[in-house]
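One line per chain: the protein sequences are A and B, in this order.
FYI, this note's numbering numbers position 75 of the first sequence as 110, with every residue one higher than the one before it.
FYI, this note's numbering numbers position 30 of the second sequence as 39, with every residue one higher than the one before it.
Read the hints as simulated data drawn from the structure, not as lab findings.
A virtual CB, placed ideally from N, CA and C, is assigned to each residue, including glycine.
A portion of the hints provided could be inaccurate.
Part of the chain B face toward chain A, derived, beta carbon under 8 Å [as the list claims (entries may be wrong)]:
#1 Phe41
#2 Leu42
#3 Gly57
#4 Leu59
#5 Phe60
#6 Ala66
#7 Leu68
#8 Val75
Residues of chain B clear of chain A, computed beta-carbon distances all greater than 12 Å [to be verified]:
#9 Met10
#10 Ile25
#11 Gly33
#12 Gly35
#13 Gly44
#14 Gln56
#15 Leu71
#16 Ile72
Some chain B residues well away from chain A (every beta-carbon gap over 10 Å; in silico) [to be verified]:
#17 Asp11
#18 Asn36
#19 Gln43
#20 Asn48
#21 Pro49
#22 Gly50
#23 Ile61
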Amino acid sequence: MAAEGSGIDPMHQFLVEPMFGHKLMMHGYDISFTNSSLFMFVTAAVLWLFMLGGMQRKLVPGRWQAAVEGMTGFISNMMQTNVGPEGKKFVPYIFSLFMFLLFANLIGLFPLGIVPGVHPFTVTSHISLTAILAFFSFGIVLVVGFWRHGLHFFSLFVPHGTPLPIAIFVTPIELMSFLVRPFSLGLRLFVAMTAGHILLDVFASFVVQGLNAGPGIGWVVSFFSFLMIVGVSALELLVAAIQAYVFALLTSLYLNDAVNLH
Amino acid sequence: MDVTSAKMIGAGLAAIGVGMAALGVGNVFGSFLQGALRNPGAADGQQGRLFIGFAAAELLGLIAFVVAILILFVVK
Numbered sequence: 036m037a038a039e040g041s042g043i044d045p046m047h048q049f050l051v052e053p054m055f056g057h058k059l060m061m062h063g064y065d066i067s068f069t070n071s072s073l074f075m076f077v078t079a080a081v082l083w084l085f086m087l088g089g090m091q092r093k094l095v096p097g098r099w100q101a102a103v104e105g106m107t108g109f110i111s112n113m114m115q116t117n118v119g120p121e122g123k124k125f126v127p128y129i130f131s132l133f134m135f136l137l138f139a140n141l142i143g144l145f146p147l148g149i150v151p152g153v154h155p156f157t158v159t160s161h162i163s164l165t166a167i168l169a170f171f172s173f174g175i176v177l178v179v180g181f182w183r184h185g186l187h188f189f190s191l192f193v194p195h196g197t198p199l200p201i202a203i204f205v206t207p208i209e210l211m212s213f214l215v216r217p218f219s220l221g222l223r224l225f226v227a228m229t230a231g232h233i234l235l236d237v238f239a240s241f242v243v244q245g246l247n248a249g250p251g252i253g254w255v256v257s258f259f260s261f262l263m264i265v266g267v268s269a270l271e272l273l274v275a276a277i278q279a280y281v282f283a284l285l286t287s288l289y290l291n292d293a294v295n296l297h
Numbered sequence: 010m011d012v013t014s015a016k017m018i019g020a021g022l023a024a025i026g027v028g029m030a031a032l033g034v035g036n037v038f039g040s041f042l043q044g045a046l047r048n049p050g051a052a053d054g055q056q057g058r059l060f061i062g063f064a065a066a067e068l069l070g071l072i073a074f075v076v077a078i079l080i081l082f083v084v085k
C-alpha cells in the first residue's frame with residue numbers, strides 16, 4: 036500500500052505463514068506449524084547445542100567452555116550489581132531470556148536467504164513473542180513482590196520521604212509508569228528488530244532495482260546501497276546484542292524493585 | 010487534499026520523532042563519554058545506567074516509528 040507501484044514490499048518478510056502449505060485447524064483455532072514456530076525451534080536448538088558444548092566442567096576451560104562461562108558470568112555479575120545477593124535465584128530466568136533473545140536476533144540476521152527456497156524469519160520482530168516474554172517478566176515481578184512484601188509492595192508507588200501534597204500527584208504517575216512497563220519492554224525489542232529489517236530490505240531492493248536499471252546512474256546507486264547494507268548489517272548486529280541486553284537489564288531492574296522495594 | 014496524501018504527510022511528520030530520538034541517544038552516549046574520559050576508573054561501573062538511559066531515550070523514537078507505521082498500514 037505504502038510502496039504501491041515501486042515493487043518494494045518490505046513488510047512481506049514479516050508474514051507468518053504455515054509451513055508445508057496448508058493450515059491446521061482445531062476447534063476454529065489456527066494451530067498450524069508456522070515459519071515463526073520453526074525459527075523458534077531453530078533458536079532453541081542452536082542455543083541447546085551451544086550450552087551442551089560448553090558445559091564440560093573442565094578445570095581448565097577450553098575455548099567453547101570459556102565462551103559459555105563468559106555468558107553466565109556476565110549475567111550473574113549483572114544480577115549481583117543490580118539486585119544484590121538475592122538476585123542469584125533469578126539468574127537462570129534472566130540467562131535463558133537473554134540467550135534466547137540474543138540467539139533469535141542473530142539468527143534473524145543470518146543471511147539464510149541466499150539459499151534458494153529458504154526464507155529467513157526473525158521471531159523477535161513480532162510483538163506476539165516479545166510481549167509474552169515481557170509479561171512473563173512483569174508477572175514474576177508481581178508474584179515476587181507480593182510474595183515477599185505482601186500489601187506493603189504498594190509502597191513502591193510512593194517514593195520514600197515524599198511529602199503528602201506531592202505524593203498525591205506522584206503516586207498515580209508512578210503507578211502508570213509501573214503498569215506501562217511490560218508494554219514498553221516488549222515494544223522496544225519488537226520495533227527495533229522490525230525497523231532494522233525494513234531498512235535492510237529497502238536497501239537490498241535498491242541494489243536489485245539499480246542493477247536492473249542498466250549501466251550508468253543505476254549501478255552507482257546499487258554500489259552505494261550495497262555499501263549501506265554492509266554498514267547497516269554491522270549496526271544491526273550491535274543492535275541485536277544491545278536489545279537483548281537491554282531486555283535482560285530492565286527485567287533485572289524491575290526484579291530489584293520487587294525484591295528490595297527501592 | 011485527499012486522505013492518502015494526508016496520511017503520507019502525517020507519516021513523514023511522525024518520522025521526525027525518530028530523528029529527535031537520535032539526538033537523545035547521541036546525548037546519552039556523548040555525556041557518558043565525557044564523564045568516562047574524566048574518570049575512566051568509574052566508567053565500567055556505570056555501564057548499566059548508560060544502557061538504561063539509552064533504552065529510555067530510544068523507546069520514544071521507536072514509538073514515533075510505530076506511529077508512522079500505524080498511519081501508513083493500519084489507519085483506513
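message = For each hint given before, does the structure comply? Return the numbers of the non-compliant ones in rising order.
response = Numbers 1, 2, 4, 6, 14, 15, 16 and 23 - these are the hints that the structure violates, sorted from lowest upward.
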